[in-house]
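2 protein chains.
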Amino acid sequence: MKLADLRTPALVADLAALEHNLAAMAKALPGARLRPHVKATKCTALARRQAALGHRGFCCATLREMEGMAAAGLGEDLLLANEVADARRLGALEARVTVAVDSPETIDAAVAGGVPEVLIDVNVGLPRCGCAPEQAGRLADLARRRGLSVRGVMGYEGHAVGIPEREKRRQACEASMARLAAAHAQVGGDVISAGGTGTYDLNELATEIQAGSYSLMDSAYAKLGLPFQPACSVWSTVISVSPSFAVADCGLKALGMDHGNPSIEGARVWFCSDEHVTFEPERALRVGERIRVWPAHVDPTVAYHERLHLVEGEDVVDSWPIDLRGW
Amino acid sequence: MKLADLRTPALVADLAALEHNLAAMAKALPGARLRPHVKATKCTALARRQAALGHRGFCCATLREMEGMAAAGLGEDLLLANEVADARRLGALEARVTVAVDSPETIDAAVAGGVPEVLIDVNVGLPRCGCAPEQAGRLADLARRRGLSVRGVMGYEGHAVGIPEREKRRQACEASMARLAAAHAQVGGDVISAGGTGTYDLNELATEIQAGSYSLMDSAYAKLGLPFQPACSVWSTVISVSPSFAVADCGLKALGMDHGNPSIEGARVWFCSDEHVTFEPERALRVGERIRVWPAHVDPTVAYHERLHLVEGEDVVDSWPIDLRGW
Chain S
3 MKLADLRTPA LVADLAALEH NLAAMAKALP GARLRPHVKA TKCTALARRQ
53 AALGHRGFCC ATLREMEGMA AAGLGEDLLL ANEVADARRL GALEARVTVA
103 VDSPETIDAA VAGGVPEVLI DVNVGLPRCG CAPEQAGRLA DLARRRGLSV
153 RGVMGYEGHA VGIPEREKRR QACEASMARL AAAHAQVGGD VISAGGTGTY
203 DLNELATEIQ AGSYSLMDSA YAKLGLPFQP ACSVWSTVIS VSPSFAVADC
253 GLKALGMDHG NPSIEGARVW FCSDEHVTFE PERALRVGER IRVWPAHVDP
303 TVAYHERLHL VEGEDVVDSW PIDLRGW
Chain C
3 MKLADLRTPA LVADLAALEH NLAAMAKALP GARLRPHVKA TKCTALARRQ
53 AALGHRGFCC ATLREMEGMA AAGLGEDLLL ANEVADARRL GALEARVTVA
103 VDSPETIDAA VAGGVPEVLI DVNVGLPRCG CAPEQAGRLA DLARRRGLSV
153 RGVMGYEGHA VGIPEREKRR QACEASMARL AAAHAQVGGD VISAGGTGTY
203 DLNELATEIQ AGSYSLMDSA YAKLGLPFQP ACSVWSTVIS VSPSFAVADC
253 GLKALGMDHG NPSIEGARVW FCSDEHVTFE PERALRVGER IRVWPAHVDP
303 TVAYHERLHL VEGEDVVDSW PIDLRGW
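Sequences listed follow chains S and C, in order. Each residue of the first sequence is one higher than the last, beginning at 3 in our numbering. Each residue of the second sequence is one higher than the last, beginning at 3 in our numbering.
It is worth saying that the hints were derived from the structure and are not from the lab. This list has only true hints and no planted wrong ones.
Now the stretches of chain S that chain C is said to cover, found in silico as 3 or more residues with beta-carbon under 8 Å:
| id | segment |
| --- | --- |
| 1 | 82 to 92 |
| 2 | 283 to 297 |
Every beta carbon over 10 Å from chain C, so not counted as near; a handful from chain S, in silico:
| id | residue |
| --- | --- |
| 3 | D16 |
| 4 | E21 |
| 5 | L150 |
| 6 | P166 |
| 7 | R172 |
| 8 | G190 |
| 9 | E206 |
| 10 | T209 |
| 11 | P229 |
| 12 | R270 |
| 13 | D325 |
Note that the Cβ used here is the ideal one computed from N, Cα and C, for glycine as well.
This is chain S alone, in the form it adopts within the complex (with noise of 0.2 Å):
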């Protein structure tokens, strides 16, 4: 199939800059270095491509990613990353599963759900998920008399890895680090999970690193100088031409907005609608051509889409179905 073909609006990724990812990021976290977040791409097949790589474990964020991966057979080490209050679908799964806690209510959930081993969640300064650093000992005691194998922290410094400054990022990346390995001297435990995209090649700590946009990346960790080339955009079609604007077929539903509005390359954003973006082209543009809109956070336009379209110059090489969304 042609990239004309496409219905628009459609996901789709350069291929050569996925792989491109994808081997940079194998290269510099090797094997179980890297555990991949599956929650940036929701898609079975890109894992599939990153456990070929060599990274056998993953972390999710849902039940439903848990769920999906299990059933596709990338079930060797799963990590929900996540706090849940009713853990029975996860002791349901036919895979190695392991839950973050936070409290003793998580742990009874994790107890009630039979899922075998946890990680103890820590507060390192983003305010989310994760108990006070001097709580975790004592977390791990209960969790332990539970019943529960510990494998040891998680701690996501989510708030350091945006930081534009690549010394100041590594400096709030260090202080949170210090906060997690305090935890970890009263928890033990193998595992000291942590860090991701902004923060892969700066945290010192993790045994193993959280990152997950690195695949697909975005145009605000596009940012930070990484390594790592922006490879998914929205493909829609010009639908309406004016004189001083044009509108594409590319709107709210169709991308991720918490960020601000997507980029077009040679042309001005201003605003979207629900199915549409207007944009000031430098150029003059016709009803019917196509562009891409580079949406500026991946993660939740992904969940909007039911495929990814893999791309090489004007082929569509592969399909892949977003098969892990909802809950």
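Dock chain C against the given chain S, drawing on the hints supplied.
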């Protein structure tokens, strides 16, 4: 099923509020005075309720919505209120199909696609699709020369529908409709299709109002003091609590974020991540507790979900597929 048994995050609608909204609109704009826009809800089951109340014509924003409505037997009078560069999928439908056109190219597409009827789409002030009012007559002549039936004009005052003060909203609507009336004088035809939830009772020109959001409403429209009740929220589980904040399992992939953060009663929302909302509650919450998260913009929220669950008190009384997603 009980509300407590729903997997979270889950899109829920309060059935009493939904029915109130549908009835209030049917009273204000009976029968063909309203052409409900299905883009807001993407749900044929909900559209069937609107049809049962007397609104037999609908408008859509995408080809998939048109196909789904036709397949559901709701094709008595379907308007694609949007431009397409390729209309062949429309021509194949077993339904009465009208498509908006705003250029010679989109007229060509209607002809080539076998779509017999069109509306001339006019830019009435929102820089999106639509021809300049002074071009409308020329386009109508062209369409008729090409063998198309021109039913009239369309012009969406999307820049006016959200103006907070009613009188200013009315004035902006009136100015837009003056442009549409000028175009209609050139074009002719029985149909003047315009309006939205914010101007449903202010637009005095339109023969039919294209409102959609009124059925579920959202927090942006709720500020206008309209007689419609917020009906749609995302039912979520608290998964982590700390002394100063709590976290629930409803994030960027469960919420349209272009209008900003969602709201939670009795709490201040701090921020959303992919699968989390962090917020500061007024009272202590416990892990496992369920809360309602109110999206700022319903349309792109609905598009993330597979089903809309209808609730009465603690009971889930029905569950409707969001069957018009995608393109």
